[in-house]
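Here's the letter readout for the chains.
Protein chains: 2
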Amino acid sequence: MAETKTVTVAAVDAQIKAILGAWGMAEPALSITARVMLWADLRGIDSHGISMIAASYRRMRDAGILNFAPKIEAVVDLPSIATLDGGGGLGHYPSVRAMELAIGKCRKTALAAVTVRNSNHYGAAGYYAAMAAEAGLIGISMTGVHVAATVPTFGAEPRFGTNPIAFAAPAGRNPPFVLDMATSTVAVGKLVLAARAGKTLPVGWSVDEQGQPLTDPKRARELRRMTPLGATRDLGSHKGYGLAMMVEILCSTLSGAIYAPTRPPSKPGDPYNVGHFFLALDPGAFRDKADFNDDLDAMIDCLHATKPVDPAQPVLVAGDPETAMEIKRTAEGIPLSSVLVDELRDIARAANAEFTL
Amino acid sequence: MAETKTVTVAAVDAQIKAILGAWGMAEPALSITARVMLWADLRGIDSHGISMIAASYRRMRDAGILNFAPKIEAVVDLPSIATLDGGGGLGHYPSVRAMELAIGKCRKTALAAVTVRNSNHYGAAGYYAAMAAEAGLIGISMTGVHVAATVPTFGAEPRFGTNPIAFAAPAGRNPPFVLDMATSTVAVGKLVLAARAGKTLPVGWSVDEQGQPLTDPKRARELRRMTPLGATRDLGSHKGYGLAMMVEILCSTLSGAIYAPTRPPSKPGDPYNVGHFFLALDPGAFRDKADFNDDLDAMIDCLHATKPVDPAQPVLVAGDPETAMEIKRTAEGIPLSSVLVDELRDIARAANAEFTL
Chain F
26 MAETKTVTVA
36 AVDAQIKAIL
46 GAWGMAEPAL
56 SITARVMLWA
66 DLRGIDSHGI
76 SMIAASYRRM
86 RDAGILNFAP
96 KIEAVVDLPS
106 IATLDGGGGL
116 GHYPSVRAME
126 LAIGKCRKTA
136 LAAVTVRNSN
146 HYGAAGYYAA
156 MAAEAGLIGI
166 SMTGVHVAAT
176 VPTFGAEPRF
186 GTNPIAFAAP
196 AGRNPPFVLD
206 MATSTVAVGK
216 LVLAARAGKT
226 LPVGWSVDEQ
236 GQPLTDPKRA
246 RELRRMTPLG
256 ATRDLGSHKG
266 YGLAMMVEIL
276 CSTLSGAIYA
286 PTRPPSKPGD
296 PYNVGHFFLA
306 LDPGAFRDKA
316 DFNDDLDAMI
326 DCLHATKPVD
336 PAQPVLVAGD
346 PETAMEIKRT
356 AEGIPLSSVL
366 VDELRDIARA
376 ANAEFTL
Chain D
26 MAETKTVTVA
36 AVDAQIKAIL
46 GAWGMAEPAL
56 SITARVMLWA
66 DLRGIDSHGI
76 SMIAASYRRM
86 RDAGILNFAP
96 KIEAVVDLPS
106 IATLDGGGGL
116 GHYPSVRAME
126 LAIGKCRKTA
136 LAAVTVRNSN
146 HYGAAGYYAA
156 MAAEAGLIGI
166 SMTGVHVAAT
176 VPTFGAEPRF
186 GTNPIAFAAP
196 AGRNPPFVLD
206 MATSTVAVGK
216 LVLAARAGKT
226 LPVGWSVDEQ
236 GQPLTDPKRA
246 RELRRMTPLG
256 ATRDLGSHKG
266 YGLAMMVEIL
276 CSTLSGAIYA
286 PTRPPSKPGD
296 PYNVGHFFLA
306 LDPGAFRDKA
316 DFNDDLDAMI
326 DCLHATKPVD
336 PAQPVLVAGD
346 PETAMEIKRT
356 AEGIPLSSVL
366 VDELRDIARA
376 ANAEFTL
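Residue numbers (my numbering), protein chains in the order written: chain F, 26 to 382; chain D, 26 to 382.
Next comes chain F alone, as it looks inside the complex:
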């Protein structure tokens, strides 16, 4: 394991704001973006929090791809649906606005969907779905990705991003159900971790240029060609591939954003034009809200009580590990790798931003 440094939640929050603020992001976008990124770090989704500044946002900013003072505009606004133009900035802020809009519409119509186009990476998909659940609603969040990394079944070239699906629903006694999953077998981050640890990859995570299974973690990290969920045709990779395409249709085709492999040749600084999809649905319009919450509690309890393969590893429900991590890290702080801390120090210095970690 790499060396880590545990820092306070407030320090991470301050560091995100210091860097993004120095790059030109103003309130309210700044606090909202930091909140979404911090949520990922608190819940153990380390690949989607403050690390993104070093892993990706710095490069996009340097390439002139990110607009740090975007104007978020509604290009369609009807009682049950809307489309926002994200103005070419980071995706977190327009996505929070989009889910807020969906929740507001849902209060009147019981069901609403909002798409976002001309956006970028929006952090952890689960955040927006969880916003709906916190409001007592069912929430869905999906996003396209500006670069293709997932290879369709029978194919030897990548055609979709990791195209995640998040779904959240409010229980009563239990924390909400929060599913947040890439439609690829694993996310890119897992290849990076395996390469660092020098571990041979399981067959089914990654393929080579000929579409054949690739188990060398270093080559897999360089190539970044993931399988769709299902891994192989025998185990159902055509299903993960189909889900990835569903996400792409709802995020890119529906909003008018760009499907990456059909992107025309671009000049440096051209916006990525990534699309997102959000949906809010009110269970209290379908039936008594308390009955819905009670029935979901009964389902969750039933799953937790399922006979486990190994008594030391009980059956979990989506969101359980993240909720436990959030409690732990809220109390104890957030561990960051020393490498990341060093990178963030450099980025802060270059941006004339305060270093808070």
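For the record, the hints were derived by calculation from the structure and aren't laboratory data.
Think about it this way: if two alpha-carbon atoms lie no more than 25 Å apart in a straight line, the pair counts; the simulated DSS-like pairs of lysine-lysine are:
no.: 1; chain 1: D; residue 1: K133; chain 2: F; residue 2: K133
no.: 2; chain 1: F; residue 1: K332; chain 2: D; residue 2: K243
no.: 3; chain 1: F; residue 1: K243; chain 2: D; residue 2: K332
Pair ranges (Cβ atoms, derived):
no.: 4; chain 1: D; residue 1: R370; chain 2: F; residue 2: D241; range: 53 to 63 Å
no.: 5; chain 1: D; residue 1: R370; chain 2: F; residue 2: K133; range: 53 to 63 Å
no.: 6; chain 1: D; residue 1: P336; chain 2: F; residue 2: Q338; range: 41 to 51 Å
no.: 7; chain 1: F; residue 1: R288; chain 2: D; residue 2: K314; range: 16 to 26 Å
All C-beta atoms, glycine included, are put in the ideal place defined by N, C-alpha and C.
Guided by the hints, dock chain D onto chain F, whose structure is given.
Frame of chain F; chain D shown alone:
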């Protein structure tokens, strides 16, 4: 391979109607149910067409579980959402009514969802999603299942059905995108086929009473314990498990249907109370309809043009194999196994129904 007999499309249609009619199903439910079942047989989804009469509906009818003259009632009916009570009959008819209702509402609101409770097996999930696509809309269809067969990650007991997701979207030049997938790694039908062929199962399809991989096809067919899509924890079975739970929440918890493992002890003849979920969304409300169709065509074309692993097996898009099969079987007729034809002859005789095959 077992012996097969190829029969005309009209003969299959007539046989479905003759048996269900003799069991007490009247018009318009009779023609609509036959249309949905025939669609599955035409598209090669053999496990969900006329074979269901022999494989399942006969037993349910004999057990007094199916009401063949149900009253379909709207228990909730708002501008964007509704819930129908299926009256305890087969699921096809209330599900067609539900998707018709969703499509009608969607014409006014751009987005609508309808749930069904107190229903049963509804055939191929894709039919209802495809109804929306034929109407120029995006469609979603999902269903719960009356018996649990899929084992959650880390668990040794089944907790969900195959809980399918279907999603369809209209293209321009191309046939619609129609994804129709169980959220288990494979459907029960594949275990039955493997058992018949005496083939050892791939690790990851099925587990035993201890939750350990089971590759003996005969035992797997008896036990019927499937893994969620992803097959193993390493390959992402927690994602398929999460998707199965999402389907269950939208179908059962939202509609007020029953989540099978929490079903109270029942007496013979008690209804299964299965739930379904349908959604229709109008892409023409988000952007110019023709632009949406064109962009989806471009995506489909791009996928078809993807460099294949094996030049003899091009990259497909969900719905391609079924569309090809529909063209073939419409022209040539539908092959039924001789065993199935014999079973249907016996069922027709017992019901005093005409035998048309």
